[in-house]
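Just need the whole structure built from these sequences, with the hints factored in.
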Amino acid sequence: MLNTKTLLSTLLIFVPISIAAHFFEWGSTIVFITSALAIIPLAGWMGTATEEIAVVLGPNLGGLLNATFGNATELIIGIVALNAGLVDVVKSSLVGSIMGNLLLVMGLSMFLGGLRFKEQQFQPVIARLNASAMNLAVIAILVPTAVDVTSIGIQEPTMQTLSAAVAIVLITVYILTLLFSMKTHSYLYDVGVAENDADGQITPEEAGHEAEKVNLKLWIGVLLLATLTVAFESELLVGTLEEATNNLGLTALFTGVILVPIIGNAAEHATAVTVAMKDKMDLSVSVALGSSLQIALFVAPVLVLAGWILGKPMDLNFNPFELIAVAVSVLIANSVSSDGRSDWLEGVLLLAAYTVLGIAFYFHPIIEGIG
Amino acid sequence: MLNTKTLLSTLLIFVPISIAAHFFEWGSTIVFITSALAIIPLAGWMGTATEEIAVVLGPNLGGLLNATFGNATELIIGIVALNAGLVDVVKSSLVGSIMGNLLLVMGLSMFLGGLRFKEQQFQPVIARLNASAMNLAVIAILVPTAVDVTSIGIQEPTMQTLSAAVAIVLITVYILTLLFSMKTHSYLYDVGVAENDADGQITPEEAGHEAEKVNLKLWIGVLLLATLTVAFESELLVGTLEEATNNLGLTALFTGVILVPIIGNAAEHATAVTVAMKDKMDLSVSVALGSSLQIALFVAPVLVLAGWILGKPMDLNFNPFELIAVAVSVLIANSVSSDGRSDWLEGVLLLAAYTVLGIAFYFHPIIEGIG
Amino acid sequence: MLNTKTLLSTLLIFVPISIAAHFFEWGSTIVFITSALAIIPLAGWMGTATEEIAVVLGPNLGGLLNATFGNATELIIGIVALNAGLVDVVKSSLVGSIMGNLLLVMGLSMFLGGLRFKEQQFQPVIARLNASAMNLAVIAILVPTAVDVTSIGIQEPTMQTLSAAVAIVLITVYILTLLFSMKTHSYLYDVGVAENDADGQITPEEAGHEAEKVNLKLWIGVLLLATLTVAFESELLVGTLEEATNNLGLTALFTGVILVPIIGNAAEHATAVTVAMKDKMDLSVSVALGSSLQIALFVAPVLVLAGWILGKPMDLNFNPFELIAVAVSVLIANSVSSDGRSDWLEGVLLLAAYTVLGIAFYFHPIIEGIG
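Residue numbers (full-length UniProt numbering), protein chains in the order written: chain A, 1 to 371; chain B, 1 to 371; chain C, 1 to 371.
Hints may be right or wrong, so weigh each one.
A pair holds if it fits inside one copy or across any two, identical chains being indistinguishable in the list.
Stated by the list, open to error - As a list, the in silico DSS-like pairs of lysine-lysine whose alpha-carbon atoms are at most 25 Å apart:
(1) K278 x K118
(2) K278 x K312
(3) K183 x K278
(4) K217 x K5
Simulated from the structure, these hints should not be mistaken for laboratory data.
See below:
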């Protein structure tokens with residue numbers, strides 16, 4: 001964990017470089033790449049700071065903080081991109097984040113973990129419950145597109161209303177999921193919490209004694225600073241996205257589905273893979289499944305409502321291929337994770353699915369309108 | 001159970017009211033609403049009478065009676081509506097009945113049961129077998145629409161033939177399912193039968209001693225009377241459906257998918273929820289899954305064949321969104337029920353799926369031709 | 001086993017008959033039917049010879065031989081038909097082989113086995129792993145069609161490139177699957193190997209003592225002879241396919257999806273059913289699942305690459321109904337097999353699904369271009 005974190009932190013050098021590239025106008029491609037590289041360690045530090053503060057706040061408030069800030073990077077990039085009018089890129093990056101967590105992160109974890117351990121176990125009850133919640137989320141997100149595709153067409157204001165209604169249902173389910181996991185059925189999640197210890201962080205038990213020692217103010221400062229910097233770097237990233245990806249010969253669809261999610265989720269990727277290689281599959285699987293669930297039940301509906309407020313309305317009407325990609329990602333992730341055991345071949349299957357979908361997005365001829 | 005039944009029976013007052021509304025021409029909206037309210041307790045009495053007669057007839061003939069009359073209300077409304085030419089409403093109500101049983105009934109049962117009991121158990125083998133049968137039924141019902149959508153179009157006579165062939169396969173499977181559950185593998189279903197006791201009704205064991213005491217003729221009379229009255233009220237309901245729902249600002253699609261199934265299934269809803277709150281989840285889940293299976297394997301194909309006889313041919317070519325709704329209902333119901341345990345959050349997930357689909361049907365712009 | 005084999009071998013009489021029918025020009029329908037009947041026992045002998053040689057070669061090389069030649073008949077018919085330009089028939093027969101193995105073979109096995117044994121058990125771990133691999137394969141094969149359907153259309157060269165890329169991913173996964181089952185996790189498959197004994201063939205253990213006795217050269221001769229004869233009969237079959245099926249009033253789609261796979265897989269059908277009736281469900285299920293997996297992960301991508309070499313490019317752009325058929329076949333096969341137990345009703349469900357899909361293909365109005 002420490003090595004990964006150190007490695008990631010060296011990328012902080014790209015914060016000043018990207019700023020320099022912006023002010024001295026080294027070209028949009030360089031600004032795009034350096035700001036992308038700068039966001040990766042910042043997202044990692046936001047995650048660490050969130051967890052440290054959560055420990056001090058205790059399981060309830062802390063859990064809530066984690067649940068709200070767990071995908072803060074995606075949320076910030078999403079709002080900045082929405083504000084810049086890149087509605088399609090935002091929608092694509094939601095699809096890509098779910099796909100990336102379920103296939104790339106879980107696949108890498110199972111593959112690399114499986115190279116070291118013949119079979120790895122994790123709690124199937126939580127995996128199944130997450131699978132059911134994920135199924136609901138995918139169904140809900142699929143519905144507006146399905147209404148559009150199966151009718152003679154639906155007017156944009158109706159689509160907005162439908163999307164907002166779905167968003168409200170999803171946020172309600174998200175809040176109830178938190179109530180379930182933190183209050184009424186928290187005992188189901190105890191294994192995961194105990195193993196949290198394994199990644200070298202302070203557990204709630206230890207925290208009782210050490211709380212005074214933790215410099216809460218310091219971590220709040222780190223969180224604020226990292227959040228502001230991510231917001232700033234997101235502006236650089238979003239502002240150069242269209243021109244840079246054109247220069248690189250990539251479609252907006254590919255950028256949104258593959259590139260942006262990898263940038264936003266790199267820190268989580270590192271965590272999930274690192275703990276999988278320590279045979280802590282419960283934690284690894286719950287990071288991957290939990291993160292994709294959070295995107296679907298919280299980030300996506302919040303962005304729908306945020307778009308409304310920003311006057312840049314974002315509906316849930318996706319390109320049908322994006323829906324197919326999400327649906328098959330959920331299908332194969334459920335199929336692989338529902339039995340509570342994994343091996344390297346299951347990792348290969350997930351990675352192969354990601355590769356095939358990635359190739360398809362690369363060749364997909366629909367160039368969605370940017371701006 | 002008694003309270004629910006008493007409550008339902010007070011609705012019988014709407015039988016004379018609806019008749020008065022019809023003869024004194026109080027307007028189609030009032031006739032529609034009062035006949036709908038009248039059907040609910042009548043369906044409940046049909047169910048009770050069927051079960052009482054089934055007990056006297058013994059497990060074999062009684063099981064057959066239950067299997068045939070279990071969804072008699074849907075069948076009667078369906079035939080009356082078919083005869084009135086409301087083919088699309090009939091098709092939509094089949095979709096809505098399956099959706100309603102899997103999501104609304106099972107969701108309410110798991111939610112309300114889960115509020116009282118932390119975790120509830122039921123037999124996963126039967127849930128899985130029902131899931132496989134339900135998968136088959138959905139696949140079969142999906143096939144004619146899929147042929148139509150994936151081709152340059154299929155001529156109506158061919159669609160009729162295809163639908164009839166599928167209907168015959170489905171009825172054959174239904175008969176074999178009865179043979180399985182009542183003859184060759186009845187031991188798998190013993191838990192459910194034993195728990196049947198819990199809803200305060202007479203079990204086969206007790207029946208051996210009490211059979212003489214049961215006034216068989218009385219129950220047959222109740223069944224006949226309730227059946228005839230349902231048929232009459234169905235005429236009132238169907239005759240005013242088009243005008244009344246227009247007045248209420250509802251599309252035919254929404255009426256067929258949401259309103260009609262709630263009217264036809266209210267009694268089953270009450271049973272399933274009541275027994276769930278007594279922690280009899282085996283019975284509750286089997287009512288919900290069994291009823292949806294009966295709709296798909298028996299009511300739907302019988303209506304296809306009945307339409308042929310009535311000269312109002314009904315094919316199995318659905319609006320693709322209806323198919324998506326059924327498919328995702330089955331998917332999430334399977335996902336939630338396959339592990340043989342439930343909690344309140346699983347109920348929430350099913351209810352959320354129902355809500356989202358209901359919203360979508362409300363906004364769906366396809367107004368199918370009525371009449 | 002012996003009886004089935006003897007029965008099949010009597011069909012060898014159709015080898016000379018079909019050749020006579022060809023040279024004396026008895027008409028394409030007769031050549032088509034007799035060459036089809038001739039291929040069935042030849043495929044059986046190829047299978048037997050492959051297994052006998054595999055025993056001598058030992059588990060590693062032998063396993064590889066089995067994995068490569070296991071669906072040699074499909075591969076030969078496929079290459080001959082590709083070379084004759086019948087690209088759509090080849091694609092349809094891939095779909096039909098997967099469907100046939102999952103629904104017809106597994107359905108017949110579970111049904112006939114279930115008539116004799118109340119419940120039959122098999123190893124669920126392998127069934128689930130196969131299910132996950134099958135899900136991946138279907139997803140991968142679905143992707144090019146999905147890209148085409150969800151876009152304004154994709155140019156043929158791009159479709160070829162996309163299909164070739166998917167084919168390479170699939171072959172890579174296939175090789176890794178062999179590595180998994182033969183090297184790193186072979187212990188998971190031990191039950192299946194032990195039961196192999198049951199079908200009266202020589203096990204590896206016995207082989208150690210008997211290897212000298214086995215006339216290796218004889219079996220290699222049988223394999224070569226059968227392979228060459230299958231190739232020749234395939235030419236007769238393919239050369240008369242278009243005219244004969246027209247005479248019989250069948251569409252090219254129905255021929256490809258239903259007829260050709262039954263001819264190519266008859267020997268495997270016989271094996272799977274025979275061992276199921278001896279309560280060796282592990283072997284029976286692994287033949288059916290393994291064969292369909294081999295088609296998807298090996299035969300299909302090899303044909304894509306072979307088409308490229310032959311200058312008769314075959315992409316993976318299917319008729320959407322073919323995709324639906326494969327997807328629902330995998331869905332219901334997974335649903336039935338994932339719990340590691342079967343009974344006759346589960347067999348009925350699979351057979352009913354096959355029947356419904358067969359009826360649909362019979363009526364499907366798309367007549368794909370032959371030649």
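Going through the hints against the structure:
no. : hint        : verdict
1   : K278 x K118 : within (13 Å within a copy, 33 Å between copies)
2   : K278 x K312 : neither (44 Å within a copy, 50 Å between copies)
3   : K183 x K278 : between (29 Å within a copy, 24 Å between copies)
4   : K217 x K5   : within (21 Å within a copy, 61 Å between copies)
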